[in-house]
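Q: Got chain W sorted already, so can you dock chain P onto it with the hints?
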Amino acid sequence: MKKILIVDDEPNIVMSLEYAFQKQGYHVFIARDGSEALVIMEREHPDVVILDVMMPQVDGYETIKIIKENPAFAKARVIFLSAKSKAADIEKGLSLGADQYFTKPFSVKKLIAAVDNLIRI
Amino acid sequence: MPSYAIILVIVGYLSLLFAMGIWADRRSKSKWVHNPWVYALSLAVYCSAWTYYGSVGIAATSGVSFLTTYLGPVIALPLWILILKRVVLISKQYQVASIADFISLRYGNNRSIGAIVTIICVVAVLPYIALQLKAVSETFDILSESSKSTSIFTDSTFYIAVLLAVFVALFGTQTTDASRRRSGLVFTVAVESVLKLVFFLIIGVYVTFYLFDGTTDIYEQISALDGFEKLATFSNMEASINWYFMIALSFFAIFLLPRQFQVSVVENTSTNHLKKASWVFPLYLLLFNVFVIFIAWAGKLMLSSDLNPDYYTLYLPLEHGHRLLGLMVFLGGLSSVISMVVVSALALSTMISNNLIIPYGFLKVLNKSNPSSNARNIKNIRRVSIFILIIGAYFFYVNFNIQLSLFSIGLIAFVIIAQLAPAFFIGLFWNRGSAAAAKMGILAGSLVTFYTLALPFINEVFVEGSTLVSNGPFGLALLKPYQLFGLDFMPPVTHAFFWSMVFNVMFYLIFSVIKKGNYRERNYAELVVNASSYGDLQENAFVWRGEAYVSEIRKALTRFLGEKRTTRALNIFYRKYDLNPQEEKADARLVNFSEKLLTGSIGAASAKLMISSVVKEQPVTLPEVLKILEESKETITANKQLQQQSYDLKRLSDNLKEANEALVEKDRQKDEFLDTVAHELKTPTASIRAASEILADADDMPKELKQKFLENIVNDADRLAVLITNILDLEKLSSGREIMDKKEHLLKNTVSKAVDGIYQLALKKGVHIEVNEVENISMYYDEDRILQVFTNLLSNSIKFVPEGNGVIKINAVKNDKKVIMSFEDNGKGIPPEDMQYIFEKFYQSNDQNFKKPIGSGMGLAISRHIIESHNGTITVDPNFKKGARFIVELKTAGK
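If you're matching them up, the sequences are chains W and P in order. Mapping the first sequence onto the UniProt record's numbering, position 114 (from 1) lands on 114, and the numbers just tick up by one. Mapping the second sequence onto the UniProt record's numbering, position 529 (from 1) lands on 529, and the numbers just tick up by one.
Next comes chain P alone, as it looks inside the complex:
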């Protein structure tokens, strides 16, 4: 296949990934992107080219030991999930953006630890990236059947490396806050994980079932070969020990490799996703390894022995003329390379900028310039780091032209990374572990690793005929790099791992015990180790004493976050803790909050430096720390109780207020009622008094006039009597003291009685009363009272209908639960503005000018009380325009 065609395919493939990443970035909230599957699959960034090609290689040469790299994570899975959950929680709480941030946080945001971790990671991962480039380059050459190019300008690998760097820079450095999630990137990684697995399975099926007749066929053929035993079994005790160490090594790697930390911790959007990952990820690893051994055997059986076994997956289809299948294998390998390189470069660039460049020197520069250029500067530092890393890896690959297999470089990287394990794991559970001890442990372990692994390798490359490995330095056999202190039964990698760990852990423990860390370290140690119990304390738990001004802190924040984000963040903070924004002095919570805020942008160590440059801090002793933490916990509990209490109090006082308002209102109504009663009583009294006075003095008055005055007196006296009866009636009804004497009655009879009662009156005014078929309704009610209501409604109507042609209609309808009665007339109706008041006592329509119809103004109020005492309602139909229509609803059920 011609090179340009392959390059075109690569460019096309990368563009597709770009597009997908941009798409996912824009839809970071959609269920396609924010989803536990994406998280679980992105973890498979673990499977790099080393897995894709190298496993087959190692299976072909050393047998089943390739499995360790995958069995480690699978076996330790429950532990992995447990620890990961904790790490994720802590990281989210403190805006951790990388493994360096995390370890330096545990040791009190220690600047030098962050730097050391960064350097360890770069040293381990740079060759690892180089290895990926090597894989791309070699597979490219195999596919294009060209020989290796000598100039970098014609070397396709160089361009691929540049393309990858652009890809990372584009997706990884959109915001300065490195702890923010990059959904686009994670999504593409997840997609690539699917692709590489599917492609690998396809080639596995192709080899096993197309080239051979299934697994048994391959097994039978390979078992006939010499030396097969070695490939399929653990030959001895040493090999078994080797197995255990390798499993431990890969277990460490799954946590500590920067790319793993990036996808599993930094890019985690929800701890719930861990559940899915806990079975999807091991299943993924298992699937990936199903065909490895068969492809390796097939390669051994079918291909010539001078071909690199790492690339059997590619050679097998090509040998059989299946070029497209070869291209597919190539793309699968490219996918695993891209995801590994991209995520690693992103993680490392963040670490380099936040833990190396900014805290060591660049912070001063940032401190002087303005916020917008700071954001740009930070992004640029990361971008430059990305390019330097990838191009650096390229040159590493070109210059060292690594002779070692993919598998062994991968393992060396693992051993170097494993040096972080004691500081990480022990520090997670043992609050005594100190910063100095962590540094000493890492340094000691790294030196041992260098001596037992890198030195012989470098020595071999640069010093001709060296006897370092065979005889030891200066002939000291005890110090032979591959057989340190006479340990001679382990392969170099396991050997280096063993000794480096021994020294690392030893130094870590010894120094931690000998020398306590300072108050700040212990403070953070406590927070990380007991994260679960202090998890909800957040800013409160921050143990800090000293003096700081809000304005200074604000200035520092603005420098990195810009005016808008700073103001927004501080507003949220003030609201959360209900603090006065005018307060000049900052408290521990604000200091801690600001530090966390900055951590995302410039790393934990730099954030600490930045904040401590504007605050005056005083040391706090360990007992004090514990006391403060304990107190904070208590305060939070007490606070919650107080909050609950104050809420209860508020509710109570609201209730009281309501009750009081109701009382006041009642009082006012009572006053008004009394006023009206007084007025209503005084008016006829005044009338009687005046008439009596006149009569007493009027001997000369004509007889008829005298008669008229006397009639007036009688009417007014009657009126007074009615009034007094009504007032007492209403008072009894509204206070609920009047008990309804409910008995079973026929509604028809009651209606007839009411009509009979006002018949004379109606006749006098010429009103026609129409009772429409009141069905045979029998129900429970106080007949006298209901009669009073009906009579009141009828006499009201008679009062208002035109003389001579008035019509009153009574209707009754029964449904399953109630009887609905209506009383309508053709009078002048009720003005809409009066409708809501007519059932109030003493309300008489304003529109009654001139002759006041006889009435106390209490009839409807009394009626309402009577109907309500029967659990019914009385209303005016607002839609009836031809006159007035009252609707009475009474429940038929119950007594």
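Bound conformation, chain W alone:
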């Protein structure tokens, strides 16, 4: 079973995503911010990380930097899911090593499709 980690501080969004991915057969983990996410990553080594940018404490940018620096997480795919939708924001997110960038509001179906795609590769 593939493992997915959802990192977002917005409980309602987390709840929707948790339900949707569980339904797709993923083992879903939840983190409310970057530091919590890193703890779970150490333990579970998820295949995919869905990462919000604006979060309290350690934000999305910081988190992806740490993930990319750690060879243990080399196989983890990262998808940004953020309300920041300017071209510069998207560029920044991708340049930091994210595989995809989704802007809020988003289509749950498209997000699931993107995750499926990434895992198949």
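Calculated from the structure, these hints are not laboratory results. A few of these clues could be false.
Unchecked claim - Covered stretches of chain P, as calculated for chain W (at least 3 residues, CB under 8 Å):
1. 677–688
2. 712–720
What the hints assert, rightly or not - Derived pair list, reagent style SDA-like, types lysine to any residue, alpha-carbon separation capped at 25 Å:
3. W:K92 x P:E672
4. W:K3 x P:L695
5. W:K110 x P:E693
Quick reminder that beta carbons are idealized off the backbone N, C-alpha and C, glycines included.
A: Structure of chain P alone, referenced to chain W:
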């Protein structure tokens, strides 16, 4: 009194003066030294031994004519102050160090005029110094009751002369810049002025009121004597004319005597001091003359007729056995001698070095050697000059053993000095006066003086049975020295003064009219004559055209001032005119500045020579000079205007820059605000969209879960609505478009409403709300808005206090102008680093991890705007540690 005792007293007295001078030199800035009284009293160096002893002598022999010497300055006082002010200003501007410098400056820094003036001054003053030594010597002999010594090694006067020379050399030659002030010297002169006046007044009172029964007593006794009329009145027309000439003569002397010029001009530290001097100095002269006539009469009545009347002041107490009083008189006389000799020798030595030795020959030597030895050389020249002068005066006195009275030698000196008057006074007001004319005038006047005054005197001493005076040279009666051209009713001195002035002025005027001076002369003439209008031009006004290199000028300056002073002076110059120090070519201002700089050290004429040796100068015609001066004046005015304008412009551009920065900042804030708004709106929207998508596809979803998703959607929609309301609210408040609906309300009621509004919420979380006696405060405010603030603060507190035992306290205190309310809770408080940001919109503390408390992050920002719209403040108490404490201050007064 034994000689050695007197010498001991003299040495002690001189040491005291030394100490005082050194003390004052070290404290040149203190109010004791730098003070108008010191200046006014130092002018009294005018009163030499001639005054101290000679006045009595002349009063005893020729009656009231002694007064002329003092009345001259007193009568002409307004004119004196007026001219002096001008001379002082010019001298300061051009670093003039002596009368020779001043006159040569007026005639274009003319070297030969400086030299001629110096020679005239030496010729006039040397016998004058000799006279002072004579006075010391004779009074010494009277006091010690010894006869005159024949060898100079046993002659106390010689040693006194040497001591004086050392004294001058010590105080007068500390720096090479002769135009610098010597506060120590001036201070001792002022002190001596006080001493000699006080001593003289004491002896006057002693004679009048102790030896006699007051002035009436003396008058009655003397009027009984024969020939008294002659002593107390002007007998005829001739005597009256004599009076006027004598007054004129002393008026000239007060300006032109080197020692007077030294104290009144060179040592002047502030033109404001002239005001004090304008009444102190005449008063001083008046006081000095109060008792003269009575002492003279007393002497005539009490002393034998073979005693020298010059020394009646000394004889009178000695005759009556009052030796100490005699010693005091002696010391007073010594004071007047010391100050006169010291200041004269100092002034003359500066003139000799700067106007005679350096420009004629020694400049070449100085030019070759290095700066440090130059400073030493210049000082040594002055020191040697001082010694030569004083010792020269001593030998003059010994060899000529002047038979004339103190008074007549003084007058002869005055007449010689007066030869400078036309060049000085006319030159000060008439820009046409030329250098050649000045020279001719001085020479002609001096020759006449020599012929009518010195020649008969020398003739009498050296040629036995000469008939020069009685019959004239070669029997020409018209050329009789004392009755030139048949003018036979004047005494010799007045006669010489009259004729020398006639010739001097005549030559000066005629030559000035016939022959114009060169461009340089006229240039300087213009500057001196119109000093007041060009006074502020300074270096700018210098009319000069030619080519010069900065490096050359710098080299020349370094030679005399040394590397350090040159660099410092040039730096100041460059900064003052905002010039580029890298510029190779020197402009007129630098040339003039350098010349002035050197003037202090080596004199005006030498400075001109020095500078012109390194620059190539081109002549400038008079119309050009005037044009340039006019232009400089305009430039200065224009410059001032430009400066003002550029200052205004700079201020304006600063303001613009500030405004722009504020705009940029506002813009940035707006962008940030929009970003945040977008983010805040997108988040619930995303949440709603995701939940809807899931619900649309979830037929198999359990009912409770479905219910939960639907609730989420409702909450997010509510959240969106609140957000939008708040955003609009904040926008209205911050743009000032929202007008507060202020009415009179009881604060107590509003607080109750706020508490009631959140009561359910508080109950649910178990929070106790404590409203401490809010007094009966009634004030004007928009109740809905204030209620919004209170509610916001209370709900924030409820959010953060621990569940079950939360406490919120509300307090209100009123003082005369405002109400201070506080809202405190026992929650987790606000981290210090957040305190300054919490009133900004969308700021939510970082420390809210996990569950985000419900809120838009705009509550405090809105509250702040509301309170500020009521002219109040809302702050966090940084010292409250038990939780959070907000303080709201509202003004009670006004609507």
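Q: Next step is simple, just say for each hint if it's right about the structure.
A: To see whether the hints hold, each was checked on the structure:
Requiring three or more residues with a Cβ within less than 8 Å of a Cβ of chain W, the coverage given for the stretch 677–688 of chain P holds, as 9 such residues are present. With 3 residues having a beta carbon nearer than 8 Å to a beta carbon of chain W, the stretch 712–720 of chain P meets the requirement of three or more and the stated coverage holds. The straight-line distance between the Cα atoms of K92 (chain W) and E672 (chain P) is roughly 18 Å, inside the 25 Å bound, and the hint therefore holds. Between K3 (chain W) and L695 (chain P), the direct Cα distance comes to roughly 24 Å. Compliance with the 25 Å bound is thereby established for this hinted pair.
Simply put, K110 (chain W) and E693 (chain P) have alpha-carbon atoms about 11 Å apart, close enough for the 25 Å limit, and the pair holds.
Hint check: no violations occur; every hint is consistent with the structure.
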